[in-house]
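**Q** Sequence order for the protein chains is A and B. So for the first sequence, our numbering puts the first residue at 1; every next one is plus one. So for the second sequence, our numbering puts the first residue at 646; every next one is plus one.
Treat the hints with care, as some may be off.
What the hints assert, rightly or not - Calculated pairs, PhoX-like style, for lysine-lysine (alpha carbon to alpha carbon, straight line, at most 20 Å): (1) A:Lys-348 with A:Lys-146; (2) A:Lys-518 with A:Lys-445; (3) B:Lys-718 with B:Lys-693; (4) A:Lys-146 with A:Lys-606; (5) B:Lys-718 with A:Lys-154; (6) A:Lys-471 with A:Lys-571; (7) A:Lys-606 with B:Lys-757; (8) B:Lys-674 with A:Lys-154; (9) A:Lys-347 with A:Lys-628; (10) B:Lys-780 with B:Lys-763; (11) A:Lys-348 with A:Lys-78; (12) B:Lys-821 with B:Lys-674; (13) B:Lys-757 with A:Lys-157; (14) B:Lys-718 with A:Lys-157; (15) B:Lys-674 with B:Lys-719; (16) B:Lys-718 with A:Lys-146; (17) A:Lys-347 with A:Lys-78; (18) A:Lys-518 with A:Lys-471; (19) A:Lys-445 with A:Lys-206; (20) A:Lys-348 with A:Lys-206; (21) A:Lys-557 with A:Lys-595; (22) B:Lys-693 with B:Lys-674; (23) B:Lys-674 with A:Lys-628; (24) B:Lys-674 with A:Lys-157.
To be verified - If we take Cβ atoms under 10 Å as the criterion, some of the chain B residues that face chain A in the derived model are: (25) Arg-723; (26) Arg-741; (27) Val-742; (28) Leu-745; (29) Gln-764; (30) His-787; (31) Leu-788; (32) Ala-795; (33) Ser-796; (34) Phe-798; (35) Ala-808; (36) Thr-809; (37) Ala-813.
Hints in this document: simulated from the structure, not taken from any laboratory. Bear in mind that the values here come from a model prediction, so they are computed numbers and not experimental data. Even glycine gets a Cβ: it sits at the ideal position worked out from N, Cα and C.
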Amino acid sequence: MLSFISFWRAAAIVLCDLASTAYYIGGIVEQAVGPSAPWFILGVMLFSYAIRYVYMESCSMFVRGGVYKVVKEAMGGKLAKLSASALMFDYILTGPISTVSAGQYLAGLLNTIFPYLRIDWHLDPHAFAVVFAIAATTYFWRENVKGIHESSDKALKIMQLTAVMGVIMIVWCGYTLWARGFTWPPLTLRFSTEGLGWAANVSWLKPVGAIGILMAFGHSLLAMSGEESLAQVYREIEAPKIRNLARAGIVIFIFSLLLTSLVSFFAVMIIPDSVRISQYGNNLLAGLAMSVVGPNWIRLLLQVFVVGVGVLILSGAANTSIVGANGVLNRLAEDGILVDWFRGLHKKFGTTHRLINMVVGLQILTILACRGDVYLLGEAYAFGVVWSFVFNTMAVMRLRFIKREAREFMVPGNIRINGVEWPLGLGAIFVLLFATASMNLLTKKVATVSGAAFTLVFFLIFVFSERWNEKVHSGLKALHAKFNLRQAHDLKIVSDEIEKPNRTLVAVRDPGNLHHLKRVLETFDEGTTDLVVFTSRIRTGLGLVDEVVNMDNEEQKLFTRVLDLAEKAGKTITPMLVVSNEPFYAITQAAQAVKATEVVFGVSAKISTDAQLERLAMTWGSLQTDKKPVRFRILGPGVEHAVDL
Amino acid sequence: MAWFQKKPPEPSAELVKNSPPPKAVKGLKISSLLSEATILFPQEGQDKSSVLQALVASVCAKSGTFDWAPLLKKVEEREQGISTTLDTGLSLPHARVDGLAAIQAGMAVLRKPISDPKQPDLSIRIMFLFFSPNKQEAFALHLQLLRGVASLFQPAFIDQLTATSGPAAALELVRKLEA
Numbered sequence: 001m002l003s004f005i006s007f008w009r010a011a012a013i014v015l016c017d018l019a020s021t022a023y024y025i026g027g028i029v030e031q032a033v034g035p036s037a038p039w040f041i042l043g044v045m046l047f048s049y050a051i052r053y054v055y056m057e058s059c060s061m062f063v064r065g066g067v068y069k070v071v072k073e074a075m076g077g078k079l080a081k082l083s084a085s086a087l088m089f090d091y092i093l094t095g096p097i098s099t100v101s102a103g104q105y106l107a108g109l110l111n112t113i114f115p116y117l118r119i120d121w122h123l124d125p126h127a128f129a130v131v132f133a134i135a136a137t138t139y140f141w142r143e144n145v146k147g148i149h150e151s152s153d154k155a156l157k158i159m160q161l162t163a164v165m166g167v168i169m170i171v172w173c174g175y176t177l178w179a180r181g182f183t184w185p186p187l188t189l190r191f192s193t194e195g196l197g198w199a200a201n202v203s204w205l206k207p208v209g210a211i212g213i214l215m216a217f218g219h220s221l222l223a224m225s226g227e228e229s230l231a232q233v234y235r236e237i238e239a240p241k242i243r244n245l246a247r248a249g250i251v252i253f254i255f256s257l258l259l260t261s262l263v264s265f266f267a268v269m270i271i272p273d274s275v276r277i278s279q280y281g282n283n284l285l286a287g288l289a290m291s292v293v294g295p296n297w298i299r300l301l302l303q304v305f306v307v308g309v310g311v312l313i314l315s316g317a318a319n320t321s322i323v324g325a326n327g328v329l330n331r332l333a334e335d336g337i338l339v340d341w342f343r344g345l346h347k348k349f350g351t352t353h354r355l356i357n358m359v360v361g362l363q364i365l366t367i368l369a370c371r372g373d374v375y376l377l378g379e380a381y382a383f384g385v386v387w388s389f390v391f392n393t394m395a396v397m398r399l400r401f402i403k404r405e406a407r408e409f410m411v412p413g414n415i416r417i418n419g420v421e422w423p424l425g426l427g428a429i430f431v432l433l434f435a436t437a438s439m440n441l442l443t444k445k446v447a448t449v450s451g452a453a454f455t456l457v458f459f460l461i462f463v464f465s466e467r468w469n470e471k472v473h474s475g476l477k478a479l480h481a482k483f484n485l486r487q488a489h490d491l492k493i494v495s496d497e498i499e500k501p502n503r504t505l506v507a508v509r510d511p512g513n514l515h516h517l518k519r520v521l522e523t524f525d526e527g528t529t530d531l532v533v534f535t536s537r538i539r540t541g542l543g544l545v546d547e548v549v550n551m552d553n554e555e556q557k558l559f560t561r562v563l564d565l566a567e568k569a570g571k572t573i574t575p576m577l578v579v580s581n582e583p584f585y586a587i588t589q590a591a592q593a594v595k596a597t598e599v600v601f602g603v604s605a606k607i608s609t610d611a612q613l614e615r616l617a618m619t620w621g622s623l624q625t626d627k628k629p630v631r632f633r634i635l636g637p638g639v640e641h642a643v644d645l
Numbered sequence: 646m647a648w649f650q651k652k653p654p655e656p657s658a659e660l661v662k663n664s665p666p667p668k669a670v671k672g673l674k675i676s677s678l679l680s681e682a683t684i685l686f687p688q689e690g691q692d693k694s695s696v697l698q699a700l701v702a703s704v705c706a707k708s709g710t711f712d713w714a715p716l717l718k719k720v721e722e723r724e725q726g727i728s729t730t731l732d733t734g735l736s737l738p739h740a741r742v743d744g745l746a747a748i749q750a751g752m753a754v755l756r757k758p759i760s761d762p763k764q765p766d767l768s769i770r771i772m773f774l775f776f777s778p779n780k781q782e783a784f785a786l787h788l789q790l791l792r793g794v795a796s797l798f799q800p801a802f803i804d805q806l807t808a809t810s811g812p813a814a815a816l817e818l819v820r821k822l823e824a
């Protein structure tokens, strides 16, 4: 059973990441390029519309896409691993920059409120941000290990609240400008030393004209960090998929254009220059709330609201980063790029906890290393996003020439000359991305050094892990052959192959809990009954639709044990592996596909047998096509339940 | 229909295999469990919790036997466990109640779907609530009812139900389908 989400929910998931940048982008970019920052943020937000086109075309070719899949198809495994490594860098940074920024906002709010409460405290915003960030990251680590996946409903609610906050801020700031009068932010660039990076030492690379614009544009590019989540949510979007992806893209574009660009403009136009960066560099929206017209207590309330929404959306972004990084690493692990040890499932929760631990461990190290400095994180950020955009666009462009079949969507701006379609639109996007990414290598020193080092380390891990896996896989192929393992798409074939009048389906999951299989093996009559031993791999949240079904480490252990028991009993079995997001649907569908007369389970450690049977009865009823009753049995040491449904 | 529960010593699977064939529970009509008084058409804007509360109250009022508050608590406790909402749009809250002689049921028809806080991606269009006797021998019937209701309320039928004018028409439609 797969359930899909509307374009509104898909947009909300992407916006939880993308729109959260509104909280820190203005301060970071202004510290690098000066008060002209809002113009470049606006430019980046407009450019994000073109990036949306690239993702639409790549998604139209690969449902389970993402940069790794697209680059691999177009340019091979090495570049695919490199682009995925770069993207991992940004996933690792998204969590810290979001939680540290949330901590800065909270610290700023508390420091504002304390005097009103006659509390003579002053929090060190950086230290407080580090403590808050670690606490929030630890909370989301626990949630992800438990498998409480990112809920589109929560994302939608957060975005509704953010929209309310956005409208209030836009109206209030608009009124403030009308009441006080205003001047537009200057167009002149005023780079800081950090903002110029190594370019300060290159005599011919002056930060003026087109070069200066490109430098400033590069510093602002992190405003569209999160756009890459479009590829992740595409799998989840309901039909018609491409049309709904386009709709989600428009919602994302309008929302982020209004929120991120406008608040950046308002910040420069309303917050006095003397305090904008010095006091509110790390919590610009709080400064904006305190600088609009109105009585002090109302402005304070506005700040409380802005900070409250900020903590929610920034926390949502931190969670998205863990989910996203885990999703990318899972995808790589399924392709044999990571050693199977990483895919080991948590004994209680069934999640890929080792991958989650690694991601969260790296995020906590980053939080400690940055010491609560959002600007430092901002300087390091966007390395991965821009290079993954570059690789993705390059791959989509190359695929135009090597895969000429019709696509459901193509980036506009194509000219046909002598029967060959030249992707001028894609080319223009690529040139701008590549030029920006190259310029960032010079101007964003922290990003270049840390991003390149991180990407290289991850790339090497992927390369060596893949080689290690290739050795193991030779053994695995033999194991597959031995098992003649059946997968979801083989269900009908399996049904045709088994011909005995009775078919028993035994559901297995834990190699340590096969009591029920032993019992069935001891008693079933091989002359009249076919025995199908079935397990389902449960996938929830992003990354639902699975195309690659190779046995992972846990499944190998499980089927090795199953085979041992079958050999011991001297009975023939048909093993089967199905990927689903709901175990009861998987069992029901498998039972119907093989026309099972009996389905056998073990006793669950997590759910009571009554609850197991209740859920099974409901699922069975909703999907039952054959009215012939099937016997369901739950067997455990000293326990036997049977019911015909 | 058969229901076996064996405690230690460990039972022989053969015993189950050779036990009498399961008897179908004949004559169980879902429509016979409903009445116009227990079919609700909640107004828009209500959430799952408020619909559930109204449904429990109406079923208890119809039976005239039970105080609805403890029963609501029991259903809500069950709802905290494994989900009772299906992707067909049917929600099946239920509870097994001590001292109950027969199954009591009610149904809410939601013209505007509501979401299930436990499964936000699923919409509830029909909520079918029932209480069954908390006796081991009644558990098979309990399970059969769960299966039967889930089987009956398929999306096309739910579309028809939500388009009916009120409780009488909805009940007539259920009767017609079961006939």
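**Q** Each hint should be assessed against the structure and marked as holding or not.
**A** Here is what the structure says about each hint:
1. A:Lys-348 with A:Lys-146: Judged against 20 Å, a Cα distance of about 8 Å means the pair holds.
2. A:Lys-518 with A:Lys-445: Given pair Lys-518 of chain A, Lys-445 of chain A is violated - Cα atoms ~62 Å apart, limit 20 Å.
3. B:Lys-718 with B:Lys-693: Cα-Cα ~14 Å, so holds.
4. A:Lys-146 with A:Lys-606: 13 Å, holds
5. B:Lys-718 with A:Lys-154: 26 Å, violated
6. A:Lys-471 with A:Lys-571: 31 Å, violated
7. A:Lys-606 with B:Lys-757: 34 Å, violated
8. B:Lys-674 with A:Lys-154: 40 Å, violated
9. A:Lys-347 with A:Lys-628: At roughly 36 Å apart (the allowed maximum being 20 Å), Lys-628 of chain A and Lys-347 of chain A break the hint.
10. B:Lys-780 with B:Lys-763: At roughly 28 Å apart (the allowed maximum being 20 Å), Lys-763 of chain B and Lys-780 of chain B break the hint.
11. A:Lys-348 with A:Lys-78: 36 Å, violated
12. B:Lys-821 with B:Lys-674: 11 Å, holds
13. B:Lys-757 with A:Lys-157: 19 Å, holds
14. B:Lys-718 with A:Lys-157: Roughly 27 Å separates the two Cα atoms, so the pair is violated.
15. B:Lys-674 with B:Lys-719: This hinted pair is violated, its Cα atoms lying about 25 Å apart.
16. B:Lys-718 with A:Lys-146: Not satisfied, since the Cα-Cα distance of roughly 27 Å exceeds 20 Å.
17. A:Lys-347 with A:Lys-78: 34 Å, violated
18. A:Lys-518 with A:Lys-471: Judged against 20 Å, a Cα distance of about 33 Å means the pair is violated.
19. A:Lys-445 with A:Lys-206: 17 Å, holds
20. A:Lys-348 with A:Lys-206: 58 Å, violated
21. A:Lys-557 with A:Lys-595: This hinted pair is violated, its Cα atoms lying about 27 Å apart.
22. B:Lys-693 with B:Lys-674: Violated, because 26 Å separates the two Cα atoms, which is more than 20 Å.
23. B:Lys-674 with A:Lys-628: 18 Å, holds
24. B:Lys-674 with A:Lys-157: 41 Å, violated
25. Arg-723: 8 Å, holds
26. Arg-741: Since the shortest Cβ distance to chain A is 8 Å, the answer is holds.
27. Val-742: 14 Å, violated
28. Leu-745: 16 Å, violated
29. Gln-764: The hint holds - Gln-764 of chain B has a Cβ within 10 Å of chain A, the shortest such distance being about 8 Å.
30. His-787: 8 Å, holds
31. Leu-788: 4 Å, holds
32. Ala-795: Holds: closest Cβ of chain A sits about 3 Å from Ala-795 of chain B, inside 10 Å.
33. Ser-796: Constraint on Ser-796 of chain B satisfied, holds at 4 Å.
34. Phe-798: 8 Å, holds
35. Ala-808: 21 Å, violated
36. Thr-809: For Thr-809 of chain B, the interface hint is violated, since the closest Cβ of chain A sits about 21 Å away, which is over 10 Å.
37. Ala-813: 26 Å, violated
Going down the numbered hints, you'll see the structure goes against 2, 5, 6, 7, 8, 9, 10, 11, 14, 15, 16, 17, 18, 20, 21, 22, 24, 27, 28, 35, 36 and 37, while the others check out.
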